[in-house]
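Join the two chains into one complex using the hints; note that each chain is given alone, in its own frame.
Chains A and B, in that order, give the protein sequences.
For the first sequence, the working numbering gives the first residue as 244, with consecutive numbering after it.
For the second sequence, the working numbering gives the first residue as 3, with consecutive numbering after it.
No wet-lab data here; the hints were simulated from the structure.
A virtual CB, placed ideally from N, CA and C, is assigned to each residue, including glycine.
It cannot be assumed that every hint is accurate.
As the list claims (entries may be wrong) - Computed cross-link-like contacts, DSS-like style, restricted to lysine-lysine with a CA-CA straight-line distance of at most 30 Å:
#1 B/Lys-42 / A/Lys-496
#2 B/Lys-140 / B/Lys-98
#3 B/Lys-101 / B/Lys-140
#4 B/Lys-8 / B/Lys-97
#5 B/Lys-76 / B/Lys-97
#6 B/Lys-140 / A/Lys-277
#7 B/Lys-68 / A/Lys-294
#8 A/Lys-294 / B/Lys-67
#9 A/Lys-269 / B/Lys-8
#10 B/Lys-42 / A/Lys-294
#11 A/Lys-269 / B/Lys-42
#12 A/Lys-294 / B/Lys-76
#13 A/Lys-277 / B/Lys-76
#14 A/Lys-500 / A/Lys-269
#15 B/Lys-8 / A/Lys-277
#16 B/Lys-97 / A/Lys-277
#17 B/Lys-97 / B/Lys-68
#18 A/Lys-294 / B/Lys-97
#19 A/Lys-294 / B/Lys-8
To be verified - Restraint ranges, calculated between C-beta atoms of paired labels, are given here:
#20 B/Val-141 / A/Pro-300: 24 to 30 Å
#21 A/Leu-256 / B/Asp-108: 48 to 54 Å
#22 B/Glu-75 / A/Pro-403: 32 to 38 Å
#23 A/Val-489 / B/Glu-75: 34 to 40 Å
Each chain, letter by letter, is given below.
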Amino acid sequence: MLNMILWFAGIILSVFIIHLLISYLKSLFPGQGKTYILQPFYRLMKLASKKNAASQPLIQWFSAGALWFSLTALWLTVSGWNIVYIFSILIIAELFIIAGASGTNNSFGLMAVQRRISGFSITCFTLMVAASSIYKVTGTLNLGGILTMTRNKLLILRLPFTFISMIMVILVEEGVCWFDLGISGKSMSFIDTGLYSAYNGWCLAVIQLTQWVKTGIWLKFISVFLPWPQWISFTVSILIYAVLMVSDAFVAKTGWKKAVLNGFIWAGGASVINYIWLYLANI
Amino acid sequence: MSWLAKIKSRSISVLPIQAGGCRGCLLQFFLSLSLYSEIKGITVTGNPGQADLLLITGCINEQSKKAILEIYEKIPEPKAVISIGACSCSGSLFKKEGKGIYAAEDILPVDAWVRGCTPNPEEIPGTIVRAVECAYEKVK
Chain A
244 MLNMILWFAG
254 IILSVFIIHL
264 LISYLKSLFP
274 GQGKTYILQP
284 FYRLMKLASK
294 KNAASQPLIQ
304 WFSAGALWFS
314 LTALWLTVSG
324 WNIVYIFSIL
334 IIAELFIIAG
344 ASGTNNSFGL
354 MAVQRRISGF
364 SITCFTLMVA
374 ASSIYKVTGT
384 LNLGGILTMT
394 RNKLLILRLP
404 FTFISMIMVI
414 LVEEGVCWFD
424 LGISGKSMSF
434 IDTGLYSAYN
444 GWCLAVIQLT
454 QWVKTGIWLK
464 FISVFLPWPQ
474 WISFTVSILI
484 YAVLMVSDAF
494 VAKTGWKKAV
504 LNGFIWAGGA
514 SVINYIWLYL
524 ANI
Chain B
3 MSWLAKIKSR
13 SISVLPIQAG
23 GCRGCLLQFF
33 LSLSLYSEIK
43 GITVTGNPGQ
53 ADLLLITGCI
63 NEQSKKAILE
73 IYEKIPEPKA
83 VISIGACSCS
93 GSLFKKEGKG
103 IYAAEDILPV
113 DAWVRGCTPN
123 PEEIPGTIVR
133 AVECAYEKVK
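Here chain B stands alone, though its shape is the one from the complex (with noise of 0.2 Å):
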């Protein structure tokens, strides 16, 4: 990995976004940021346009299908896609009660995923800052 790829890495704004659910993943997000501390640089956004990375968390459905896409349109390239938990990752059990439930990547090209219900915080800023990693070499 280039050393100017590595510096850019050093500071990741993540717009997180909690598709529907009961937001236990949203909160082993904060939790990831404020307890691992050898993870740095890492920024919470609201913004798109100041976006590097589009965290998804909960269950996907049609509603909040529009939004995550009108807002993935928006963040500019280089960007990273990263789904969390166990409703984002695949429906869970929510998919099997019917039709209108999306994983993430049913709907946008994810870079990384981290599975459970909830999903262990230590692998979250870890898994960030390679999704960025990534993103930034394929423009290379």
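Chain A on its own, in the form it takes in the complex (with noise of 0.2 Å):
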């Protein structure tokens, strides 16, 4: 039980941690405003102190709610249960997000929706096909019996294409690099929190709290495929993760319906390919 709360707390508390150093690097490019080290501390300290001018009823609970399925799902995840389970609990904490966000009157609000959505269909279609490669390889689907089995069956070897595929999963889940469907060549700049355009105030902070815990799960499901220690793989997905973060600065951005088809194609291209190689590899 304490194994399990210390990864709950540490899980929580690495992604806040990269996130202050991802911000800071960034600032660090030249023309990137210039930003202190805690910017995002002081940031969710700042939303959290102040009211919420929302318009439209129950957009409190749609935050509130979508940070306890969050958080549920990330003490399912620190348990070893199912990840079809986990899985199911991350789309309510989605559609909580996407429904509140919806509820607006903004016209560009309801455009990051629609985007959104799309994202969405990649990452559940990607996450449908790896759960099914895991467990042709595993015969499990429990987070705990695959992590238990990931260094005899070394997973890494047997499924690189889904690990791939969930890499990409988080850069879709994040809309950076070759996935950003917020902010488009073609849109205007102020699309880019389109989605949380709903939101102010503690609502927001609440959101943003919300966007870590989501992030910590995947960067645990990346850390189930490595073959080391559970500690040294999670920081290993957390440095992976942190070099995209940073990469996303370099890379060209494409229109939205590319980013989509970018999408489908490498995480869902990956999930499948590595799916077809099992059965026709007898693995």
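This is the structure in structure tokens:
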């Protein structure tokens, strides 16, 4: 139990720290606004102290619900539950955010919802195929069971494309690099926070926390594929994530429809290739 | 000033509005963000719900007045308003041409002004930070 609590707190804390680092590194690039090292923390404190000026009802419940379900999913992740069950809870958290955002009268918010649903469909498809591949190799869908078999079965060697597709899923979820569904070359710059246009004040702070918790869950999933002890694997997955997030500053943006196509080809495609390969090689 | 207010004012989202005019003041604002690295933590947003400060530049006419008031209502409390440049501070020479041109303080409670045509970019980041600090102090 203590181990699970430590993992739960450790994942949230490590994602928070890595975001501090990413934010600071990005600010060092030419042409970027200068920030403090603790900038994401300052932003969170500021948002938490602000009033919620939202006009639509239930917006507080949508943000609180999203955080609740993402925290539940994180707890189940560190407890080693069935990954399909964890994905289902994550989907509910995502639907809470989308439902809240779709209540806005802002046309940019509605446009962002449309794009988020496109990204969401990539995530769901990839996870569905990835779960099938994992079951084929390990014979279980329990995260705890998969973790014990990681080293014996060398998941990274049997599921290399599934591993890559999981990394792509993180990029799609965060909307960075080639999968930037938010800021696209053809849209206005303030689309980047369009999905959260319905949220403001402390509700936005809650949504920010939800985002960090979800990132922690994805990183934990990625670490499952790596053959080292859990904490080393998790650190490696965090480093991969940090490199990809910082590299976002160098990657050219495309239109959002192209980004969705990229997402299906890279994330979904990699996942499907590994699934077919498992059957052909009869692993 | 309390440490909490100081922490909160280290992350400032500015919503710039070009009410009308030559856009020189807006250019000076963006120039100030990239030139003066001693002032940190100022970001630009286009979403009123996530803004802390409304930065008004240019001459305000009947049409832009309506839009500015609508946007101001959507910014959550505590919030600050600053007026940049001669046009938004006083209406400048355009006010003499007739009715329908407003200074920022005619329509909104302005917290700070940076005068000049064009305004000095060195003064803008410091003014933004001080205006937001004052807004947090007022709430306290």
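Here is what the structure says about each hint:
1. A distance of roughly 26 Å separates the Cα atoms of B/Lys-42 and A/Lys-496; the hinted pair therefore holds under the 30 Å criterion.
2. Note on B/Lys-140 and B/Lys-98: the hinted pairing is violated, with a Cα-Cα distance of about 35 Å set against a maximum of 30 Å.
3. As the CA atoms of B/Lys-101 and B/Lys-140 are separated by approximately 34 Å, the hinted pair breaks the 30 Å bound.
4. Taking the CA atoms of B/Lys-8 and B/Lys-97, the gap is about 38 Å. The hint is violated against a cut of 30 Å.
5. For the suggested pair B/Lys-76 and B/Lys-97, the alpha carbons sit about 28 Å apart, so the restraint of at most 30 Å is met.
6. The straight-line distance between the Cα atoms of B/Lys-140 and A/Lys-277 is roughly 27 Å, inside the 30 Å bound, and the hint therefore holds.
7. A hinted pair counts as satisfied when its Cα atoms are at most 30 Å apart, and B/Lys-68 with A/Lys-294 qualifies at roughly 24 Å.
8. Of the pairs offered as hints, the one joining A/Lys-294 and B/Lys-67 holds, with about 25 Å between alpha carbons and a cut-off of 30 Å not exceeded.
9. Under the criterion of a C-alpha separation no larger than 30 Å, the hint pairing A/Lys-269 with B/Lys-8 is consistent with the structure, at around 24 Å.
10. Between B/Lys-42 and A/Lys-294, the direct Cα distance comes to roughly 24 Å. Compliance with the 30 Å bound is thereby established for this hinted pair.
11. For the given pair, A/Lys-269 sits about 13 Å from B/Lys-42 by alpha-carbon distance, which is consistent with the 30 Å threshold.
12. Of the pairs offered as hints, the one joining A/Lys-294 and B/Lys-76 holds, with about 11 Å between alpha carbons and a cut-off of 30 Å not exceeded.
13. The suggested pairing of A/Lys-277 with B/Lys-76 holds, with an alpha-carbon distance near 27 Å, which does not exceed 30 Å.
14. Taking the CA atoms of A/Lys-500 and A/Lys-269, the gap is near 26 Å; set against the 30 Å cutoff, the hint holds.
15. Distance hint between B/Lys-8 and A/Lys-277 is fulfilled; the C-alpha atoms sit about 17 Å from each other, no more than 30 Å.
16. Under the criterion of a C-alpha separation no larger than 30 Å, the hint pairing B/Lys-97 with A/Lys-277 is inconsistent with the structure, at around 37 Å.
17. A C-alpha spacing of about 18 Å is found between B/Lys-97 and B/Lys-68, which places the hinted pair at or below 30 Å, so the restraint holds.
18. A threshold of 30 Å between alpha carbons decides the hint, and for A/Lys-294 with B/Lys-97 the separation of about 36 Å lies outside it, so the pair is violated.
19. Using a Cα cut-off of 30 Å, the hinted pair A/Lys-294 and B/Lys-8 holds, with the two alpha carbons roughly 18 Å apart.
20. Between B/Val-141 and A/Pro-300 the Cβ separation comes to about 25 Å, which falls inside the hinted range of 24 to 30 Å.
21. For the hinted restraint 48 to 54 Å between A/Leu-256 and B/Asp-108, the CB-CB distance of approximately 50 Å keeps it satisfied.
22. Taking 32 to 38 Å as the suggested C-beta distance range, the pair B/Glu-75 and A/Pro-403 does not conform, at roughly 54 Å.
23. A/Val-489 and B/Glu-75 have their C-beta atoms about 38 Å apart, which keeps the hinted 34 to 40 Å range intact.
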